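Produce the entire structure from the sequences given, and follow the hints as far as they go.
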Amino acid sequence: MSLPTASPHTRSRLAPKKTTALPKLDVARVREDFPILKQTVHGNPLVYLDNAATTQKPQAVLDVLTRYYTTMNANVHRGVHQLSERATQEYEGARAKVQGFINAAEAREIIFVRGVTEAINLVAQTYGRKNFQPGDEIIISAMEHHSNIVPWQILCEENGAKLRIIPINDEGELLLDEYERLLNPRTKLVSVVHVSNSLGTVNPVKRIIELAHSRNVPVLLDGAQSAPHMPVNVQELDCDFYTFSGHKIFGPTGIGVLYGKAKLLEAMPPYQGGGDMISSVTFEKTTYNVLPYKFEAGTPDIAGAIGLGAALDYLRSLGWDAVMSHEHELLEYATAAVSEIPGLRLIGTAKEKASVLSFVLEGVHPHDLGTVLDREGIAIRTGHHCTQPLMDRFGVPATARASFAFYNTKEEIDVLVRGLHKVQEVFA
Amino acid sequence: MSDLRELYQQVILDHQRKPRNFRKLEENCRHVEGFNPLCGDKVTVYLKLEGDVVKDVSFQGTGCAISTASASMMTEALKGKTLAEAEKLFTEFHDLLTGKSDRTDQLGKLTVFAGVREFPVRVKCATLPWHTFQAALHGEEKTVSTE
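Chains as they are written, first to last, in the numbering used here: chain A, 151 to 578; chain B, 25 to 171.
Hints were generated in silico from the structure; no laboratory data involved. This one's a predicted model, so the numbers in the text were calculated from it and none came from an experiment. We treat Cβ as the ideally placed atom computed from N, Cα and C, and that holds for glycine. A hint or two may mislead.
[To be verified] Straight-line Cα separation of at most 16 Å, EDC-like style, residue types lysine to aspartate or glutamate; simulated pairs:
no., chain 1, residue 1, chain 2, residue 2
1, B, Lys133, B, Asp38
2, A, Lys572, B, Asp80
3, B, Lys66, A, Asp542
4, A, Lys572, A, Asp542
5, A, Lys312, A, Glu287
6, A, Lys411, A, Asp426
[Stated by the list, open to error] If you only want the chain B side, here are some residues facing chain A, beta carbon under 7 Å, derived:
no., residue
7, Gly64
8, Thr86
9, Cys88
10, Ala89
As structure tokens, this is what we get:
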């Protein structure tokens, strides 16, 4: 099987390097695993192209959630009865699955949180609060999601540190030489998105980390859009923190992961206080628990963690090569198809992209575009995608965004294109 | 199931393409900003009162077809109205769109927005300019938000 030739606009970073025949994803069979995809919307089959916002869940994950609540629901870590033991085993088993998924050195480096937003707030309020002095600098980029901007702004207001922004070019790529120029003795942390949710840009994070580490600056990676679409190896990347959200990787809402190097996590003060994160409590003095529990106060989202583990198992069963080559095909096909539409401008045309397509259509506000597409059964996202500064950079109030997952098809892209023609008819 | 044609009627599309009173007013007028953070619709309403009559009203901003058309038709409907009439118009428009009532006797051309009720997510687009106008009427200065 030969890969489709790259369109002039972009090449998918996800194209696997092998030249031998690639495993082909049996998309029709895979779709059978996702019952929600059979729905109709306004009388039309659902065409779900809003995966960057949240993903659908395979039956295997739904079954695990039901099975948890019907056969093993109990509070973890505290009981000596059998249900509690089972729940704890499954919960810690999920932690081990996450460790394996990103190749962390130890399970205690995996902290369960609510999602990337909470993870970044955790690092800002613990690592940040402890280590940043007035005048220190935190480097983020112009394409960040609000969750990787606002926690740092809050921190900077508290302790007088400053935010520095890596600029991007018109294609939506980080300017690495500008980034290098920003690194200076006052830089205390670099926090960047791995894959942009608005642009699809895959950032050169390995290089970013190398440059930061050469100056002893740690790096946090927002992996919300990378974990679901490519294998992530934190040993190879050598990132100091990595975060991702369960609901974006075909798992339940309410669960997410913060990975941190043990050395860093150990030195960080606790985030939330309460049960489980303590070792002993008296009114005079309280001592804290070891990792990872130091950062897991209160009863966790036990079902969520177990569901996330099942989602990772499911992804693994499909195989990254098959998933990535299919997403690569979808991105190429969609990019070529929408580029034919007159008056359509792509926002985000980096050379290395994941399967996200943001665009604006002349004379039609994204909001109106989205409403017309919705009537055709098509779910895309319209708005600022929680990246208002990025929208300002491109001089648009909002974009329309179609984002693909491995269960999307070329036929669905055809429906999108027909829908866009309909939009133009309505607003002609 | 609602037809898109009920939402994007010709009159609405016309006002979106060629919004009326789409300008700033000069001095001696109130102006208030309105913003829908969910979709990025921004509107600034300028208001000039003479006694208790709306002498002039205009708007600027970027937004979707619904919010632009609503602002445009609003400015046409409000010019020359007394404060009391303007308030009544606001209430009837707002109640119609939020499903509180079906009354349209004061609305005239604005009745075309009745179709927005079938698209609940878009109701805020239509009412944003009106909430912004109301804030200007009451002499408020803070940015009006739909949230």
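Exercise. Is Lys66(B) close enough to Asp542(A), meaning Cα to Cα at most 16 Å?
Worked result: Roughly 13 Å separates the two Cα atoms, so the pair holds.
Exercise. Taking the least C-beta to C-beta distance, is Ala89(B) closer than 7 Å to chain A?
Worked result: 5 Å, holds
Exercise. For the hint on Gly64(B), does the least C-beta distance to chain A fall short of 7 Å?
Worked result: Where the cut-off is 7 Å and the nearest Cβ of chain A is about 4 Å from Gly64(B), the hint holds.
For this session: Compare the distance between the alpha carbons of Lys312(A) and Glu287(A) with 16 Å, and conclude whether the hinted pair is satisfied.
Result: 5 Å, holds
Problem set entry | Pair hint Lys411(A) and Asp426(A), alpha-carbon separation not exceeding 16 Å | 21 Å, violated
Exercise. Between Lys133(B) and Asp38(B), does the CA-CA distance stay at or below 16 Å?
Worked result: OK: Lys133(B) and Asp38(B) at ~13 Å, within 16 Å.
Problem set entry | Pairwise hint evaluation, Asp542(A) against Lys572(A), where the allowed Cα distance is 16 Å at most | The hint is violated at about 28 Å.
Exercise. Minimum Cβ distance from Cys88(B) to chain A below 7 Å?
Worked result: Status holds, d = 4 Å.
Exercise. Is Lys572(A) within 16 Å of Asp80(B), Cα to Cα?
Worked result: 38 Å, violated
Problem set entry | Interface hint compliance - Thr86(B) to chain A, C-beta minimum distance less than 7 Å | 5 Å, holds
Checked against the numbered hints given earlier, this structure breaks hints 2, 4 and 6; the rest are met.
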